[in-house]
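Trainee: Listed here are the chains, written in short residue letters.
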Amino acid sequence: MNKLIRAEWIKFSTLRSNTILLAVGVVLNVAVLVFGLVFFNRSLGPGDPVTDIDTRISAVTSPLEMLATVLGILAVMVTASEYKSKTVIPSFAAAPIRSEVIGAKGILVAMVSFTTAVVLAVVNLVAGAVTLDAQGFPLDLADDHLVQAVSGAVIYVTLAALFGFGLGVLLKSPVLSVILVVAIPNVVEPALAGFLPDWIERFLPFSAGGALAAPGGTDRLSAWEGGGVLGLWALVLIVVAILVFERRDLGNTD
Amino acid sequence: MSIVVEGLTKRYGAKTVVDDLSFEILPGQVTGFLGPNGAGKSTTMRCMVELDRADSGTVRVEGSRYRSLQYPGRVVGTLLEARAVHPARTARGHLRMLAACGRITDTRVDEVMGMTGLSEAAGRRVGGFSLGMHQRLGLAAAILGEPTYLMLDEPTNGLDPEGIRWVRDFLKHQAAQGRGVFVSSHLLAELALFVDRLIVIGKGKLIAATTVAELTRQRPKDVYVCTPRGDELTGELRKRGAEVTPADAELRVTGMAVEAVGDLAALLGIPLHGLRAESGTLEDAFLEMTAEAQEYRSTFGDEAVPS
Chain A
1 MNKLIRAEWI KFSTLRSNTI LLAVGVVLNV AVLVFGLVFF NRSLGPGDPV TDIDTRISAV
61 TSPLEMLATV LGILAVMVTA SEYKSKTVIP SFAAAPIRSE VIGAKGILVA MVSFTTAVVL
121 AVVNLVAGAV TLDAQGFPLD LADDHLVQAV SGAVIYVTLA ALFGFGLGVL LKSPVLSVIL
181 VVAIPNVVEP ALAGFLPDWI ERFLPFSAGG ALAAPGGTDR LSAWEGGGVL GLWALVLIVV
241 AILVFERRDL GNTD
Chain B
1 MSIVVEGLTK RYGAKTVVDD LSFEILPGQV TGFLGPNGAG KSTTMRCMVE LDRADSGTVR
61 VEGSRYRSLQ YPGRVVGTLL EARAVHPART ARGHLRMLAA CGRITDTRVD EVMGMTGLSE
121 AAGRRVGGFS LGMHQRLGLA AAILGEPTYL MLDEPTNGLD PEGIRWVRDF LKHQAAQGRG
181 VFVSSHLLAE LALFVDRLIV IGKGKLIAAT TVAELTRQRP KDVYVCTPRG DELTGELRKR
241 GAEVTPADAE LRVTGMAVEA VGDLAALLGI PLHGLRAESG TLEDAFLEMT AEAQEYRSTF
301 GDEAVPS
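Which chain is which? The protein sequence lines are A and B, in order. Counting from 1, one number per residue, gives the positions in the first sequence under my numbering. Counting from 1, one number per residue, gives the positions in the second sequence under my numbering.
One should not assume that every hint holds.
[Claimed, not checked] Coverage of chain B stretches by chain A, computed from C-beta distances (three or more under 8 Å per stretch; other residues unrestricted):
id : stretch
1  : 46-59
2  : 78-88
3  : 101-111
It should be emphasised that the hints constitute simulated quantities derived from the structure, not laboratory data. Cβ atoms here follow ideal geometry from the backbone N, Cα and C, with glycine treated the same way.
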């Protein structure tokens, strides 16, 4: 298994497009962070934006939601790039037990996403604490909601990437996978939110998973329940994807 | 020890591409895998390394399933599709990612690039490679793990004569080192020069498992006669059951030995200006053998594609 993770790391790190996509994620995170902090004073939202601690926490965690979508795309590409370039042929000839290769890819996706999210969470936290403090709205770093929302956001990013990874393995078309990765959390779920009964809506992957990064969870689910729902979605998707992938003809790519 | 394929069958939808195919590949020999385009050669190879899922049949590599080998690339080195590389990756990056699966060192990666003449191009992106360089990279990947067998799908396809010769010499060298080489082609001429054994398939079925020498020997010889009294001789020959067709200035006689044709002419007092027996080319043998199994036939030129 070790050797396969190493192989996946080489595949990942030898493509500049991956590095660029990661950089895009970092830049988007920073842009949202800066925007949120600069305009924090003037922002209007539910509750009192000036005194509500949860609003301050969101300024730190919400940039990571951008990162989640970008890493979802990156995770799709981990498999899709192999299809598109046909490197599935030499790759799976060299490592014929497919579930192991997919497993190694999944571990790589989780490690890359988790590491990136942790680094950016720390950056956001430090930048947020310093800036907000200077504006007269201090962040209490030991605050329960802060600890939950920041660690939750890191887990959210990782699970969202794994969800995208599952889609990328399941579907042969990278375009379709990328569209779904972007559209499900940002278009489909918000669109459905209006007219689905509440008990269904709470089980939609990303609206449930959003509770992880929301200070104190959402009114429907606690942070850990929401994380459980998104995690279960990602797990089921990956398991189904592996079952489908196991039976697929990989050599006949025409 | 060998690679044994038994009863291999693969269908795509309703179409049976490989049909109950059985054969054996021995180590230390060059086995040619021959058949017209669309005969199922590539599909067979892909099923052998479990890239495509066979519908039935078994493949045993030295007694075990391909997927059960701890380091498959050290037992069977494959080149199934030279273009199957990511254009943005460097040649070295491509080989390193495959090497990692077999715990093969970077030193070996550099070594195989040297053996295939790619050292200069190691750091270049594969996207800019010519077809010849793609084939070299594919061969470099195949020999990475110093495997017992090499399995190569049309490694000379699309190459210029120089490239074809390079690949042939390369494969000869690999075989000389004791490697079992299994190499496919739709052109017999490309294989005839250096294979020990031939597996011929058509429409997914085994047509022959033979040697080049045997293939030549089995062919009945045609007799070519040159005579000023062609019509007369043709009539006499046909009376005795031989088949006669005009071939340029000569007559081609099938179904009668050269001695009998000469004796007959002498008996009838027909002068002969030329008389010889010819076994035709290996290409003819191959085409005749696979005529039944041709996927597509042209409606003209029955010399090239006998029907």
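Trainee: Compare the structure with each hint and give your call.
Mentor: Results for each hint:
With a threshold of 8 Å between beta carbons, the proposed coverage of the stretch 46-59 of chain B by chain A holds, since 6 of its residues qualify and at least three are required. Residues of the stretch 78-88 of chain B with a Cβ under 8 Å from some Cβ of chain A number 9, which satisfies the need for three, so the listed coverage holds. Only residues whose beta carbon comes within less than 8 Å of a beta carbon in chain A count, and the stretch 101-111 of chain B has 3; three or more means the coverage holds.
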